[in-house]
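Peer 1: Line by line, the protein sequences are chains A and B.
Each residue of the first sequence is one higher than the one before, counting from 3 in the numbering used here.
Each residue of the second sequence is one higher than the one before, counting from 594 in the numbering used here.
Just so you know, the hints here were simulated from the structure itself, not pulled from any lab data.
Warning: the hint list may mix true and false statements.
[Unchecked claim] Take a look, some chain A residues computed to stay more than 12 Å from chain B by CB distance:
#1 W30
#2 R106
#3 E132
#4 E216
[What the hints assert, rightly or not] Dumping the calculated PhoX-like pairs for lysine-lysine here, alpha-carbon to alpha-carbon at most 25 Å:
#5 A/K222 / A/K108
#6 B/K636 / A/K108
#7 A/K222 / B/K636
From a predicted model like this one, the values you see are computed outputs, not experimental measurements.
Even for Gly, the Cβ is constructed at its ideal location relative to N, Cα and C.
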Amino acid sequence: MGLLQGASELFPVSSLGHAVLVPSLLHWSFRQSDPSFVPFLVLLHLGTATALLVLYRTQWVAIIRGFFLAAIAGRIRNDSERLAMLLLVGTIPAAVLGVFLESRIKSLFASPYVAAIFLIVNGLLMLGFEIMRRRAERGASRAEQESHFGDAERISFLAAAIVGACQALAFVPGISRSGITIGGGLVAGLRHQEAARFSFLLATPVILGAGLVEVPELFKSGIPLAEYFAAAVLSGIAAYASARFLLRYFRSGRLDPYGFYCVAAGLVGLALLHFNP
Amino acid sequence: MTRSSPVAVALGVLGVVFIIVAALYALGVLQIATSSTSGPHYKHAILFAVLAVASFVAANFARPKTAA
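Generate coordinates for the entire structure from the input sequences, incorporating the hints supplied.
Peer 2: This is how it looks when you write it as structure tokens:
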């Protein structure tokens, strides 16, 4: 589960959708209602967030410094300060929706059938994002096509807020946080690689915050902390490797393969659930 | 001396309101839109503290600047 969560959290394929669907298909005795599920998830999220912090450690130092300098000066003077404010604007809608709606949405949609259906929806959304993107592209080679689009720092504040709010859709099992935010970044005019970078930077405070607020759950008795910690380390390693792979992939790659994968995985999941419940 | 803009003042007041709401959630006085009906709600308190910080930052951005 640690490897699965770490790898699928950053890939645009919905970690929550896989976390609901895969154990059900493989008949794993892993119940979300189990009291140890929340602490387990907390540690996995902390593992993923740590991996993202390590990957972008230099940028996060500049972003945090930029945030304080811009906040005190009351104006933005460089790219780091602009990126810090864009991340703040993008994180607030996700945090508000997360605190007030997360548990309600998750309880409404926590079924393997729903996860499979929304996995198909997620795939169609990503294919849709790429169709919209292709209409805006010019040039023959991929490098030429990408060169017409911008860096994460150039996204508008309104677009950052909308992309940030879209993260809340990922509370529905099957809808991918990174898929939605990378797709939103593409529509807002970012290069693929920059859309992925903005998505990962935007995800870090949300994933870290969601993990940290649940830390007290870890100190309840009967929690096998050593085993869970090992899973968190695996989750972090998988997340780090995934992020490195995706940033390399999106230099010229597109969301299409993940879109097709999600549609296929959703259809196969639905078929297996129907014929082998 | 420059006068503060109404937007900056409004955002500053909003920041103060968010701090009060955060404190009420942390103390367990406020139970609006929570999963349980008793006890402190630290998740909500942290959210409103962050909103307060964001409001103060926005107020500083909206404040008229003197030429450097």
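Peer 1: Next, verify each hint and record whether it holds.
Peer 2: Hint check:
| no. | hint | in the structure |
| --- | --- | --- |
| 1 | W30 | holds, 27 Å |
| 2 | R106 | violated, 9 Å |
| 3 | E132 | holds, 33 Å |
| 4 | E216 | violated, 8 Å |
| 5 | A/K222 / A/K108 | holds, 23 Å |
| 6 | B/K636 / A/K108 | holds, 17 Å |
| 7 | A/K222 / B/K636 | holds, 18 Å |
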